[in-house]
Every structure is written in structure tokens, then in C-alpha cells.
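Undergrad: Chains as they are written, first to last, in my numbering: chain A, 1 to 114; chain B, 1001 to 1109.
Simulated from the structure, these hints should not be mistaken for laboratory data. Because the structure is a prediction, the values reported are computed rather than measured. Any given hint could be a false lead.
As the list claims (entries may be wrong) - Distance condition first, Cα-Cα at most 25 Å in a straight line; then the derived BS3-like pairs of lysine-lysine:
hint	chain 1	residue 1	chain 2	residue 2
1	B	1096	A	22
2	B	1069	A	44
3	A	40	A	71
4	A	41	A	71
5	B	1054	A	52
6	B	1054	B	1069
7	A	41	B	1096
8	A	40	A	22
9	A	36	B	1054
10	B	1003	A	67
11	A	52	A	36
12	B	1003	A	41
13	A	44	B	1096
14	A	36	B	1003
15	A	41	A	52
16	A	40	B	1096
17	A	44	B	1003
18	A	71	B	1096
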Amino acid sequence: DTAVSQTPKYLVTQMGNDKSIKCEQNLGHDTMYWYKQDSKKFLKIMFSYNNKELIINETVPNRFSPKSPDKAHLNLHINSLELGDSAVYFCASSPHDGRTGYQFFGPGTRLTVL
Amino acid sequence: LAKTTQPISMDSYEGQEVNITCSHNNIATNDYITWYQQFPSQGPRFIIQGYKTKVTNEVASLFIPADRKSSTLSLPRVSLSDTAVYYCLVGANTDKLIFGTGTRLQVFP
């Protein structure tokens, strides 16, 4: 049983294209996140949604637009892809049950922009 | 947000105990200390969390001195499958995890 799943696992595309990455969690968690891990392995939070509402929006270009159709899904749409967008993108979720810093991560989507 | 400092890498052999220390001199009163593990090509995985003294679970132990300015993750009897990057995080905000550079642990046979 996959707790946090992402599709696709790999995504190769050309500069300028628009692409989406989907994320689903079956843990019943209220909060979901998107993280970016670059080639130097730094992992940074991009967005956070709680019950479909945006609660964290780090300094991310507005070409990136998260969408949460329901609290089990958080998709990431990227417009006009650039070379620098190449990275591994992780989706995560967490319960809001008083535990701080407790998040479940998905397997990641490796995005390569050519 | 408290900054964390941990060794970039560590080597060990199978069966040994590994201790990874993290410094967080500016830890705030409300901050918890959390450790994550990341295998290659996988997302980070929560290992353990503590506030003070000692916490132990089936995977690891976490030692936190009284001043809380550092913490030590202890992995008993490591195996090859423990080769991973280990991240120390400090914070009080569930929603905003700040990952540092982590410690790359390499376990040799």
C-alpha cells in the first residue's frame, strides 16, 4: 500500500514546455507539500497546502502552480520549463495531530529539462 | 530558525555503532529535533524526534544534552542497508522543514 505516490517517476521534456506532476496520499493527512532537491542534493520546500488551502509559498517562480483538488491530492504544474528546473521533486504529507516535523515523503519525480 | 551543523560524511563498518552529532546552538525553546534518512533515489524518511534527554525507537536512539545545543543520532550495529544521508532538523513548525546538507553515511562490509 503506497502512502504517498507521485506520477510520473521520470519526466524528460524540452525547454519551454508545460508539464504536471501528480501526487496522492492515502494516509488521511490534512497537509501536503512540494519540495525540490537540486543536483547538489539540497532539499527545499516550495509549497504547503492544508485542507486544500495554500499555507506556505516559498520564493518560487510563478511558473510553478500547485493545485489541490481535494486534501488527498496536490499536483504541481510548471509552465515554460527552464533548464534550471531540472531536479527531483518530492511530494510529502503530514498529519496535524500535534507531532512537529513529522512528514511522509513520496518517491520523487526526476524532471530533466533539455 | 535554528541552523544545524553536522559532518558532511562518515564511514563505518557493518556491525558497528554509528553516532552522528548535530550542532544547533541557536535552538529555541519550542523547537524539536528531528532526524530523517534518505536513501539514493528515494524521499526522506522520518527516523526519530526528540525534545530533551533520550528517545529510542526500533531504528535509532537520539541523545539530547540538557542545554539542547546539540544532539546525537545513534544507529546500533549498522548494516550495508544503513548507507544513506542523514539529516538533522530543528524547528517548531510542522509545516516548514528546513533540510541542511546532511551527513552521508557509508557502511562498508
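Undergrad: Are there hints from earlier that the structure breaks, and if so, what are their numbers?
TA: Going through the list in order, the structure violates hints 3, 4, 5, 9, 10 and 15 and respects the others.
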